[in-house]
Structures are given as C-alpha cells and as structure tokens.
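Colleague: Residue numbers (the working numbering), protein chains in the order written: chain A, 1 to 507; chain B, 508 to 857.
Keep in mind the hints are simulated off the structure, nothing from the lab.
Honestly, I wouldn't trust all of these hints.
Claimed, not checked - Using 30 Å as the maximum straight-line C-alpha spacing, the simulated DSS-like pairs for lysine-lysine come out as follows:
no., chain 1, residue 1, chain 2, residue 2
1, B, Lys-644, A, Lys-24
2, A, Lys-24, B, Lys-509
3, A, Lys-467, B, Lys-510
4, B, Lys-510, A, Lys-24
5, A, Lys-89, A, Lys-155
Computed from a predicted structure; not experimentally measured.
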Amino acid sequence: MVFTSSNFVLFLIAAVVLFYILPKKVRWIELLLASCLFYIASDWRALLFMVGTTVVTYAGSLYITGNGIDHNSQEKDVVGTGQRKKGSKVFFVLILLADLGVLLVTKYTGFAVEIVNLFRKGAEPLTPPAILVPLGVSFYTFRTVAYLADCYQGKIVAEKNPLKFFLYISFFPTVIQGPITRYKDLSEPLFSGKGASEKTFWFGVQRILWGFFKKLVIADRAGIAVKAIVSDLETYRGGYALVYIFLFMFELYADFSGGMDIALGVSDIFGIPVVENFKRPFFSKSASEFWKRWHATMGAFFRDYIYIPLGGDGRSAATKAKKNFVFYRNMIIVWLATGLWHGAGFNFIVWGLLNLAVLLLGAITRPMTKKFQENCGLAKTKGFQFFRMLRTSFVISFIMSLLSFSDAKTAFTLWGSIFTGAGYKEVFNGGLLELGLQFHDYIILLVGFIMLFVVSLLQRTGSVREKMLKIPYILRFIIFLSLLVSIILFGIYGIGYDASQFIYNRF
Amino acid sequence: MKKFLKYFLSTIVVLMTLFFLQELLVPKYVTDLPEGSMISEYYDEERMDHDVIFIGDCEIYENYSPITMWEEYGINSYLRGTSQQCMWQTYGVLEDTLKYETPKAVVVNVMSMRFNEPQSEAYNRMTLEGMRWSKTKVDTIKASMMKNETFISYVFPMLRYHERIWELTEEDFEYYLKSDKVVHNGYLMRVDIRPVDYIPTAKPLGDYSFGENAWLYLDKIRETCEAKGVELILVKAPSVYPHWYDEWDENIVQYAAEHGLSYYNLYYVADEIGIDYQVDTFDEGLHMNLTGAEKVARYFGRILQEEHGIPDRRGEEELSRIWEEKIAFYEADRIAKEAAWEEEQKREEE
Chain A
1 MVFTSSNFVL FLIAAVVLFY ILPKKVRWIE LLLASCLFYI ASDWRALLFM VGTTVVTYAG
61 SLYITGNGID HNSQEKDVVG TGQRKKGSKV FFVLILLADL GVLLVTKYTG FAVEIVNLFR
121 KGAEPLTPPA ILVPLGVSFY TFRTVAYLAD CYQGKIVAEK NPLKFFLYIS FFPTVIQGPI
181 TRYKDLSEPL FSGKGASEKT FWFGVQRILW GFFKKLVIAD RAGIAVKAIV SDLETYRGGY
241 ALVYIFLFMF ELYADFSGGM DIALGVSDIF GIPVVENFKR PFFSKSASEF WKRWHATMGA
301 FFRDYIYIPL GGDGRSAATK AKKNFVFYRN MIIVWLATGL WHGAGFNFIV WGLLNLAVLL
361 LGAITRPMTK KFQENCGLAK TKGFQFFRML RTSFVISFIM SLLSFSDAKT AFTLWGSIFT
421 GAGYKEVFNG GLLELGLQFH DYIILLVGFI MLFVVSLLQR TGSVREKMLK IPYILRFIIF
481 LSLLVSIILF GIYGIGYDAS QFIYNRF
Chain B
508 MKKFLKYFLS TIVVLMTLFF LQELLVPKYV TDLPEGSMIS EYYDEERMDH DVIFIGDCEI
568 YENYSPITMW EEYGINSYLR GTSQQCMWQT YGVLEDTLKY ETPKAVVVNV MSMRFNEPQS
628 EAYNRMTLEG MRWSKTKVDT IKASMMKNET FISYVFPMLR YHERIWELTE EDFEYYLKSD
688 KVVHNGYLMR VDIRPVDYIP TAKPLGDYSF GENAWLYLDK IRETCEAKGV ELILVKAPSV
748 YPHWYDEWDE NIVQYAAEHG LSYYNLYYVA DEIGIDYQVD TFDEGLHMNL TGAEKVARYF
808 GRILQEEHGI PDRRGEEELS RIWEEKIAFY EADRIAKEAA WEEEQKREEE
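Bound-form chain A, shown alone (with noise of 0.2 Å):
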C-alpha cells in the first residue's frame, strides 16, 4: 500500500477515526492491527520475516539485559549502567548476525551470486535464486539492531511486551522508508496514546498535504524527463546530462522527503512526534554537512552503531599514524556499508566510495582552505558562503545520480558527454519539450523550486507549522486549501503515469 495510493487514503482515515475513538490505553493496539494490516497488503510472506526478526531480537534482548529486569523499579538503575547478563556479548552478536542476516539473504544473495559469476569465467553463470525481498527490510533490520544494541550498552530497558516491541519495529508510517527511529524516542508516544491533539492533528494533515504535493507535483513530474533521458543515452548526452542530473537531484530529493513528510504528518495525527530525515540538505556547506542533514537517521545509523563503535576518527589512538589509520579504515567500512545499503550492486559500492573520496577531500583539505578562507576576508562573506552551498549541491547532485543507473560506466559515459559540447543547442532548441514534459510542466517545476526554496529559508527559523498558525485562520485555509487543489489538478496520477513507487522504497 502506497502513500500515494487512494488505499492509502482510505486506511489512514479509517484508522484515524478508529485511533481518536479508542480510549487512550487501547490505541497502541489499534496501530498495531493497522500496522499489520499496511505491511500485509503489500506480501504476506514479507510479514512472517519481520515477525520472525522481532522474536529473535525481542527474546536476545530480555536475555541480553536480565529477563528479570523490572521497567518501573529497576529502570534507573541499569539505563546508563551498561548492566547485562554475564554472558551476553556472545548472544548479542549472534542475534545480531540472525537479524543481519536476513537482511544480507534477502537482499543480496543475487549480488553475491552476481561476484562469483565473475570469478567462473567460462563457465555457466550460476542463477540466483528468487528470494523475497521484505518491503522496508532495510530500515526494520537497522531499528531492531539500533534497539538491540542500545539495549546491550544499557542504554534503554528492554520491552518485556513483544506486541508493544512488534508495534515499534512495524508502526506503519515509517515501516517502508524510514526514519530509522530509536525506540527510546518512540516508545512513550508510541505506547502511551496521549500524545495526539486538534493541534497535532492539524499539523499531520498539512504536513501530508504538503508531502503529496511534493510527490506528486514535482517528484513523479521530474521522474518523466528523467525515465525519458535514461531511456535513450545516446540521443540524451552532454547538455541533457545536466539536464538530468539536476532534474534526478530534484526528483530524488521532492520524493524521499514527500515521503518523510507524509510520513511524519501521519505519525503527527496520531501525536507520535517522529525524528527529522531532512533538514534543508541544499543548504550544507560541505559534503559532511550534507550528509548530517540528507536521510539524518542513517547517517546517525552508522555513526552510533559503526563509526564510534569501531574508534571514530580515533582520536583516542596513541599515535598520529594509528589515528590517521582508525579513522580512514572507518570511514571506508562506512560508506562502503552506506553504499550497499542503498542497493546490492557494483554502482552502489562506486557511489559509496565517491562520497567518501569527497568527504576524505574535504577532510584533508580543511585547514589548508580555512586558513586561505580566513587569509583573504571570505569565511564570513555569505557571497562564500552561497557559492560553498551551490558547490555542495553540485558536486552532490552528480554523486546522487550514480543511485539511478544500474551501472556505474553507464553514469561515467553521461558524465564524460556534458565535456563533449554535444546537445546543449538541442536542449533550449525545444529539446526539453521532447522529454515528455510540456512547457507547463516546466512552469509547475520552477514554482514547486521557488515553494521549496521558500519553505527550507522559512525552516532556517523553526517551524512553519507554528509560524502559520500566527497568520489569520482564513489565510492558513486559503494557502491549504490552494495546496490540495493544486495536488488534485496538478499531481501526476492516474492511468498512463507510474507514479506508484518511492524511490526510496527500493533501498
């Protein structure tokens, strides 16, 4: 079941009903049920792989943590301790290899068929077999191994109420594309019930509005010079390979936060406050803040649960050289881990190495450009500034692009035509209006831009959610109002159109 989906709609608003109707101690159950019910409509099957993760961990982290352990009399006393079984690291890292593995079948027996292929030269390329892929295993698997593991540094107790712990690993709204939550700042609203009011109700529906506007407004309408560009690459290069890294960037960025925001605006109705995935990524300075602020929680992921755990930068490292050694063999186990989570193939391992050369780049080369920076009177310019944001985005944008190909050489031609001179006459001589858009389209793309671009500078100084509510009801209804017409007119949908899928689904 999609976001997007009329399915969709009518779900949500049937368990919004049921959730506001239900007194307060029962709701969690009713997300229960509906959680199940979301998961379920898409496979079955995809089910019984999530129950069986969450036994698994559910049962190692009682026996990690002391099954006896009570959460009211004894909480205090091992959150923060570390306290834990004697003999639980060997239990800890087995369930944690049961939930990763999952994950690893699931989702890349194929790759790893595909490497061995490569090494049988000659012979008959072995078939992998066809295993279901869970819906959102990726983003599951990562919320029960952030649990499991804060369980066993004690930092959180450990759910003795399996259906209450199943609710955490399921709760719908974030199930498929995230955010990777951490249960200790879901559990409360999540269980509790009490956190949902006309206020948070609100906020939820207009933050949804505001997600299926940027969806299907701008997403699913860049996503049509984008399939047209990708369809045909040797008509499509130099030029239109600007052309489509951009429209890529806007495509993947409109989308994955129109999910997050439909997302956290469902969580919102049902007054579970949710962490931020974005947080005005096209404003970052340097790659590394780029990467604090795009998909936050799984940066977060693997720096809680890798990065830090294996030595960080290692700056506790006795020598110079050891720390220099901890800190790039960390950095490569982590964008080398971030680049196979978002997919089993060869052109996410490229992508993850990419970023981390910009990022290693960036790393080396700080004291040298902060000091050139200070030397000539820029560092507080914000002309600097803006030209280190726009630099950010660009040399982003193409790295993002790598994600739509399935193969990096395929990525590496494009990016080598826009050198050639070719096709850039042909994209303002009408070759725009051949990629499948109207020069309406185009229109409805550079105001969803401007609207973007408003709301991230509005977003600089809190939320506009708050900040609305201080302008006239009148007003406020004029601009959702206008917002919902604008989605039913101008979103793409409908027979003809795709517009099914996230793209984030797929990681």
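Given chain A, put chain B in place with the hints provided.
Modeller: Coordinates of chain B only, in the frame set by chain A:
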C-alpha cells in the same frame, strides 16, 4: 460552538470547491463525443413506461430510429446503447433500467458476445459514468474495470480527468453545470454518407466459441428478464463490419432455441429491409446513417408489433404530446445535420 462553525464552514468550502472543480473537469459529451451522455440522458425522460428497451453497443444506438418506430407503429421505445458495451455492462444497464420501468420487451444486441474481458477504459467511462449510483452501478464498474483503473476514480471522476485542466475547450465552459439533449430516445443521429467500398476478408478463427464471462452475463440477462416477465429478444444489427461469423451466429441461434428466445440477424435480411450500403451508412458499413436507421426501424418495428405484440400507443394523448416534442427535435436535428453535411461535401468538392 465557534470552533464547530469554523470547521463546518471550512468543510463546506472545501467540498464545494472540489465539486465545482470536478464539474469543470469532467467531459461534457455534448458536441464532442456525445456518446458519453447517452446513458445519463435516459433519466431525463418525462415518462418511464417504454414498451421496448434496446440495450447493447453502438449497433443499437446507431441502427434503430425510435422516432420512426413511433411514427410508423406507435411503439414507445428507448435505446440504451453505448460504445463497445460489453455483456456485463448490458446486464448492468438492464438492471438499472428495470429499477425505473418494466418494459414488455428488451432487445439485446449480441455483437458484444465476442468480448470476454474488459476492453477499453474510455468506453467503460462512457457507459458507466452516466449511470446513477446504485449497487448495480458499483457491480458494473467492478465487472468492467481494466487492470489499470481504480474504483475511486469513478466515485471522484476528477481524479481521472484532472489533466483536462490543460485541455479545456469552449464546450467545457458552455456546458458547465448544464447539458443539452443530444440523442433521440437514445438514437444518435448521423446523416452523412460513407458508402461500403470494400469489406475486409474475415480472418478464420481457431475457436468460434464465446467466452464464459460473456455467456454468464447473457444468462443473467435472460434470467432477469424471465424474473420480471420481460420478453428478451436477441438481435444482430445489419452492419457489415466488424465481421460476425456464421459460427457465432449458430451459437446464438442454438442458445435462443434452447431458451425459447427470438433471435433476428438483420444482416441476413438486409435486402428485405431495403438497405443500400452505398447510401445508408456513414462509415462504410459499420453503422447505419439516418436513412438506414429509419429503414431498420420500419422493418423491425413491424416485427415487434406483429410477432411480439408491442402495442400501438398513438392513441394516448399525453404520450403523443411527448412524442410530438421529440419529433420536432428530431426534425430540427435532421435539418441542422443535413445542412452541415452539405457544407462539408461542398468543402470537399472545392
């Protein structure tokens, strides 16, 4: 109370905005594709006591003139045909009709027996959107939907037609929230002539049997008619194309014989009807034009009266008055269309 009023008024404004927007976006089916308004026009009938209802695809709404049947025989009839109306839609239209009236006979065209699965979203919409909401409509939509269609887009057609915002024409504004009458008791008048120059050779088929679904709905049609005491008459219009195979015809003949139904293949008696395929068709034999439809109506009206006892109701004062108005509209339409056709011919000659 103040808050309640605020939300209440806001909801009303949202609903009204969406309603007026939807009315603007949906096709008006008046000058362009009038076929789309035929189903809904039925509900505007002043009296719902027709003696004969014709149901089926385009071979119904182009090939029989109810006006001629009234003028010649006093038969009070209505055509509920739509383009490419499949058998499950014919069944739906029949069920819908029987909610409003119980005619003496229902005439069903069998050409659509060749379809066993939904065929076209566009034709689905022209048949279904005009139908009034009822369980029948819901069932018919479900039976008709193509794989890429959604039920909700029938409930809120704006979700289907939202792209028309870029294609709005004068017609959309001229007929905004209103409509003109476009058919004559379901008959869509065409006066232009495109003679039959060539009849494509029909490809032999591997299997001449009709699909299960088609039979299922023909059975349902028959059973519904039996339950309501309505005589079911099967017909095949005198169109030369798409080809109606003899083997198909034999299937229907057998079915009619098994169930004691009357079946008329008017193509086999085209000479008897007096059809001249050089002047009586507007699209090289696929459908009759006005002269052809009047000939068919004269021929078939006589059969309805003599063999099926459909009464002559010209003696009924009120009904006659209603038909007088229909005839006046028919004649006016004929004059306008003939003038337009003459103009077109002149332009072609120049």
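Colleague: Does each hint hold? Answer for all of them.
Modeller: Comparing the hints with the structure gives:
no. : hint                       : in the structure
1   : Lys-644(B) with Lys-24(A)  : 40 Å, violated
2   : Lys-24(A) with Lys-509(B)  : 27 Å, holds
3   : Lys-467(A) with Lys-510(B) : 20 Å, holds
4   : Lys-510(B) with Lys-24(A)  : 24 Å, holds
5   : Lys-89(A) with Lys-155(A)  : 15 Å, holds
Hint 1 alone, counting from the list given before, is not met by this structure.
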